[in-house]
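**Q** Chain by chain, the residues run as shown.
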Amino acid sequence: MLEAVNISFESLNMATLTPMLVAIVGALAILTIDLFKEEMDKTLYIVLTILFLVADLSTVLGQTMGERGFFDVMLIDGLAILAQIVLLIGSIIFIPLAFSSQRFHEYRYPEFFALFLFMTAGFQFMVATDNLILIFVGLETASLALYTLIVLHNKDKSFEAAIKYFTMGALAAGFFAFSGMIFYGLTGSVELFKIFEVLEARNFEPMILILTASVFMLASFGFKMAIVPFHTWGPDVYEGSSAALAGYISIVPKVAAFVVIMRIFEGLIASGIVWIEYIFYAIVVLTMTLANIWALVQKDVKRMLAYSSISHAGFVMAAIMIGTTQANSAIFVYWILFSFTNLGAFAMLWVSHKKDSNYHERFDHPFEKFSGMVKMSPLSAVLMGLFMLTLAGIPPFSIFWGKLYLVSSAVNAGYLVLAVIMVLNSAIAAYYYAKLIVYMFMKEPETGVDGSVYMMNASISLKVMLGIAAFFTALSIFIVNPVLELSDFFIYSSGF
Amino acid sequence: MITLEHYIVLSTILFAIGMYGVVVRKNLLMLFFSTEIMLNAVNIALAAISNHYGDLTGQMFAFFIIAIAASEVAIGLGLLIIWYKRHGSIDLETLQSMKG
Numbered sequence: 070m071l072e073a074v075n076i077s078f079e080s081l082n083m084a085t086l087t088p089m090l091v092a093i094v095g096a097l098a099i100l101t102i103d104l105f106k107e108e109m110d111k112t113l114y115i116v117l118t119i120l121f122l123v124a125d126l127s128t129v130l131g132q133t134m135g136e137r138g139f140f141d142v143m144l145i146d147g148l149a150i151l152a153q154i155v156l157l158i159g160s161i162i163f164i165p166l167a168f169s170s171q172r173f174h175e176y177r178y179p180e181f182f183a184l185f186l187f188m189t190a191g192f193q194f195m196v197a198t199d200n201l202i203l204i205f206v207g208l209e210t211a212s213l214a215l216y217t218l219i220v221l222h223n224k225d226k227s228f229e230a231a232i233k234y235f236t237m238g239a240l241a242a243g244f245f246a247f248s249g250m251i252f253y254g255l256t257g258s259v260e261l262f263k264i265f266e267v268l269e270a271r272n273f274e275p276m277i278l279i280l281t282a283s284v285f286m287l288a289s290f291g292f293k294m295a296i297v298p299f300h301t302w303g304p305d306v307y308e309g310s311s312a313a314l315a316g317y318i319s320i321v322p323k324v325a326a327f328v329v330i331m332r333i334f335e336g337l338i339a340s341g342i343v344w345i346e347y348i349f350y351a352i353v354v355l356t357m358t359l360a361n362i363w364a365l366v367q368k369d370v371k372r373m374l375a376y377s378s379i380s381h382a383g384f385v386m387a388a389i390m391i392g393t394t395q396a397n398s399a400i401f402v403y404w405i406l407f408s409f410t411n412l413g414a415f416a417m418l419w420v421s422h423k424k425d426s427n428y429h430e431r432f433d434h435p436f437e438k439f440s441g442m443v444k445m446s447p448l449s450a451v452l453m454g455l456f457m458l459t460l461a462g463i464p465p466f467s468i469f470w471g472k473l474y475l476v477s478s479a480v481n482a483g484y485l486v487l488a489v490i491m492v493l494n495s496a497i498a499a500y501y502y503a504k505l506i507v508y509m510f511m512k513e514p515e516t517g518v519d520g521s522v523y524m525m526n527a528s529i530s531l532k533v534m535l536g537i538a539a540f541f542t543a544l545s546i547f548i549v550n551p552v553l554e555l556s557d558f559f560i561y562s563s564g565f
Numbered sequence: 245m246i247t248l249e250h251y252i253v254l255s256t257i258l259f260a261i262g263m264y265g266v267v268v269r270k271n272l273l274m275l276f277f278s279t280e281i282m283l284n285a286v287n288i289a290l291a292a293i294s295n296h297y298g299d300l301t302g303q304m305f306a307f308f309i310i311a312i313a314a315s316e317v318a319i320g321l322g323l324l325i326i327w328y329k330r331h332g333s334i335d336l337e338t339l340q341s342m343k344g
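Chains as they are written, first to last, in my numbering: chain A, 70 to 565; chain B, 245 to 344.
Hints were generated in silico from the structure; no laboratory data involved.
Computed from a prediction, not measured in an experiment: that's the story for all the values here.
One or more hints might be untrue.
Said to hold, decoys possible - Not the full set, but computed from the structure, chain B residues with beta-carbon under 8 Å of chain A:
1. 276
2. 279
3. 286
4. 289
5. 293
6. 302
7. 304
8. 305
9. 308
10. 315
11. 320
12. 321
13. 326
14. 339
15. 342
Each residue gets a CB set at the ideal place from its N, CA and C atoms; glycine is no exception.
With the hints as constraints, model all of the structure from the sequences given.
**A** Right, here's the structure in full:
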């Protein structure tokens, strides 16, 4: 007879797992409440979601660094804690956007909030492990929930967006599995630290297989982060999902993907296989430049913002290629600053969202919609202008500091050409942000449009969120230093 | 004698077939089939490698991939059914209202 397997509860080290459990319990609680009492108001679910996310965040803050748990699958290092903090804050500021004054299909369902919490848990699993299996499971949990969230918007375009996203996601899953298989075949392990130990001991031979695995891995996460040439789904998905969710997609999933990419590629780029660095270099430059050029010709503000966030992601990818501690820290500084600004920009689109809009046969937010905005709704025009200037990287607003820090880390690491390309790209990018500002401040309003449309969907909590975004964007000069120290501390202590 | 190499070559060929399918298929159902072929191709190799090392991790990985593939199908087919109800077709050509 087989011996019963005894595993002591202490050896599992459940503290490493608590944050995700809080999110999952929250999701299940929301589903259970719906079982017992249907048709509750969305307010209850919104507040519950925020509460569970805050509880989740506080358990993350209580975690100690350098722990492993659950059969050594979970890994809590500084990177994991920092990434979870960014993820959770991003999620917490997204959820109040559901308090829109117009009623939307998706918020009627408690499943929306349950799926949202499951998705958050998925992202947390992704960043708090160095086991390829768990990264895969977390990635897919989060992605599958995200496809469903997009569909819940229930418009024809959102179905199209979700199917496109799904197809690309399924392909990316195949790539990830294939790449993981090659790594496992080469080293006999799926844990990243072990993989690198074995590969280093073998001096990164056979090179061609490692290169193949890296390319597939990069392609897989390229799909997730919408990096050129894997970006094709990106703008369509942004256009098809609601403006609030589009803002979320442009921030939080990418943080999780960046962390995983950092864990995997830090070792591979330093491995001395020059081709991996060349491929990275090409992808970074292409992503920054091409996305900027595509953004120039867009006729819709939402699509323009989609291409702009692709270009910003390219910027941050450059930091992963540089790979110094300063660059890795810059990733988080940049992304934290970017998330507040981008949230503000998408929230501006969200408050001006109008059901059955008739500006344009296809677009919801064409540039013409905003022409002469300053004459009708000066405050919203100024806010939108602020976010656009910030995205363009004009000092002293937030993203400027992120760009400064990133470019200086590129110079310090000796990537002078790259630094020049980055600066040039910022200059190109300024043009399309300025285009919206010109529309808002210098054009005459279109006839038959009154100012009420810009605050159509606004409510108190949306205005508060806009205020928070504007506050952190405009006064970032005071918060840059603490953010920098925080991310330096966490990155340094986890050895990246 | 069937060795590890045979399994890996088989897996790579199947993966390539799946990838080719993703590129050329215009029918969404066939496209989803192709991604399933890709995942299952990986499973074959994982099981073989796992046996080669005498280590169960690979087979565990394969089990997780099977579970994920199943949940992916659940979501994907759900999407396809809605799309078919609305448009009466699951051809890739119908997915072109957004471009540029």
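**Q** Run the structure past the numbered hints and jot down the numbers of the failing ones, going up.
**A** Checked against the structure, the only hint that fails is number 12, while the rest are satisfied.
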